[in-house]
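So the protein lines, in turn, are chains A and B. Start counting the first sequence at 22; every next residue gets the next number (the numbering used here). Start counting the second sequence at 921; every next residue gets the next number (the numbering used here).
It is worth saying that the hints were derived from the structure and are not from the lab. Predicted, not measured: the structure shown is a model, and the values here were computed from it. Heads up, some of the hints might be wrong.
Claimed, not checked - Listed next, the in silico DSS-like pairs over lysine-lysine satisfying Cα-Cα at most 25 Å (straight line): (1) A:Lys99 x B:Lys1056; (2) B:Lys1256 x B:Lys928; (3) A:Lys100 x B:Lys928.
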Amino acid sequence: MKNQAKKKGPILRVEGLTKHFGGVTALKDVSFEVGEGEILGIIGPNGSGKTTIVNNISGFIKPSSGKVYYKGKDITGKKPHKIADMGLTRTFQVMRPYYSLPAYKNLVIPLFSPRARRTGGWRGGGRLGDRHTVSIDILEEIGFERDSYIPFKTTSTLPTGYLKRLELARCLSLKPEIIICDEVFSGLSMSEISSMVPLIERLQMEGITIVMIEHRLRELFRVANRVMVLNFGEKLVEGSPDEVMADPQVKVAYFGSEEVEEVMTYA
Amino acid sequence: MDTAHSRKERIDRGIKVRSDGIYALMSFRELSYLTLPRLIFIVGMLSLPLLMPGMYWQRVISIVCIYSLLALSFDFLAHNVGLVSLGGAFFIGVGGYTAGILNSYFGIPPILTIPLATIIGGVFCTVLLLPCLPLKGVYFAIITLMYPLFMARIIEAFDIFGGTDGLIGIDSFSNSWVEQYIVIGAVLLSLFGLRRLVNMDLGLIFTAIMDNDQAVKASGINITHYKALAVFIASAMGCLGGACITHIYMWSGISQFALDFSILPIAATVIGGSGTLIGPVLGCLILVPVSELLRDFGTLRIVFYAVILVGFILFRSEGIMDFGQRKYEQFERQTKI
């Protein structure tokens, strides 16, 4: 069951984004919009510039040219913490937890941020004051078993599935308006993914806009309202999952031939 | 031993809670398990001036405490914030000169110059280190090593603040008891203050910056702001030590930028146990008196000193504090079955 995105104006608009790394053009004139409350999927083969888009939007890299507008405001080239403070959050493809801290203390850091103190964090829990209790609440919500050792274990001993959830939990602690998920499904087992998908759908129901960068097409196509395909740093096609699946260009980009019957069969 | 009716049990069993460092205490006996080691340390530090024979060793206590402040600031920056700082000499020099200038040019008494030098010096060091804050690890260490050399050459070249002679005729403490209890109090306050700080939410931010600064940025937190705060705390502690040195020797000069102040705290941290905060203080309590005892050997003392250091690194590389804590937690008692 796919949530229907409400028809509202775009919350994020990217115009002519271009990024050169020396002589390599990682992104070339990419433009797209994300409507408020929708899930946009971004797919593409390895090296097509998916993570570079995330880094450019979230401020970790400054684009060579092009503009990024968030809620109508130009955020191009702003500092990452300023952008996160405005409610545009991201996860990292290579998980970046604080390895020497227990899982629940990982969330104290986002709950300590100016934004969480201003807004109260996810569902206002941060206003209660005790950040340690609130972080255990958030962890439980995101799938850490509350009455177990897991929230108290040092992060370096946690398996990948929990670390990916921790990445999402960090974004949620900030009470975000957009979450850009950089491959949250990769490295997870089938059962872990099947428990993550309802979580993503629930976040959308709460009104959070989500941009998902994925290699797991089957799960992505289940939740995404629209899908954009990148290849060699250029936008190939954009449309509903069904349109994208049927597009011959996508088949060429992924498999090198139009002969393939159905992308989904192999993804 | 009658094994049928009794068995061995660890003392901390029953009071340890599943999360690290949290205890459930039900009686004064259990309370003393935690407070006794701390109490012994505090009482020991406070009674040191009374136990020491003669002026010479009392002076050594003051020097131990000043090195302890530096070692604490090094340990805090390196193992809680992730900035390896060789700026001990820089902090001591800036604090020392600030106190000296305030006292000899403006006639401010030591009771005011020490807190003023702590704050002014801390701000001065932080402002100068501000451009280097994006650097990490060894690169930050190199920059901080450069600053004391730079300051000393500037004072020499422009012949300011007494030039190579330094500032002379600075007021001393009213007597040696005041001198020693001021520095000992400063060490105890900074030690327990820092231990409290690193366990607060603010301290978690510092640890997070050390672990993964990108994730802290993505959490909407300005890391430069917090790094600057950490550098201010550390440099203020160093400047406090420098101000004390100036008033102890009634002189402030270029030798306060000597690299001893940068290097010895690191050795003390290695011996005492890195990241424990109390370890570096124990390290200083061992290293500085040893270096005084070896003074009779003349230049050969460097050799003995090095042998002691190498011995520690080879046989107790975890440090005294980590070793001691592990052993303390393993204490057992006989309990009836």
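Original post:
Checked against the structure, which of the hints given earlier come out wrong?
Top reply: The structure conflicts with hint 3 only, although it agrees with all the remaining ones.
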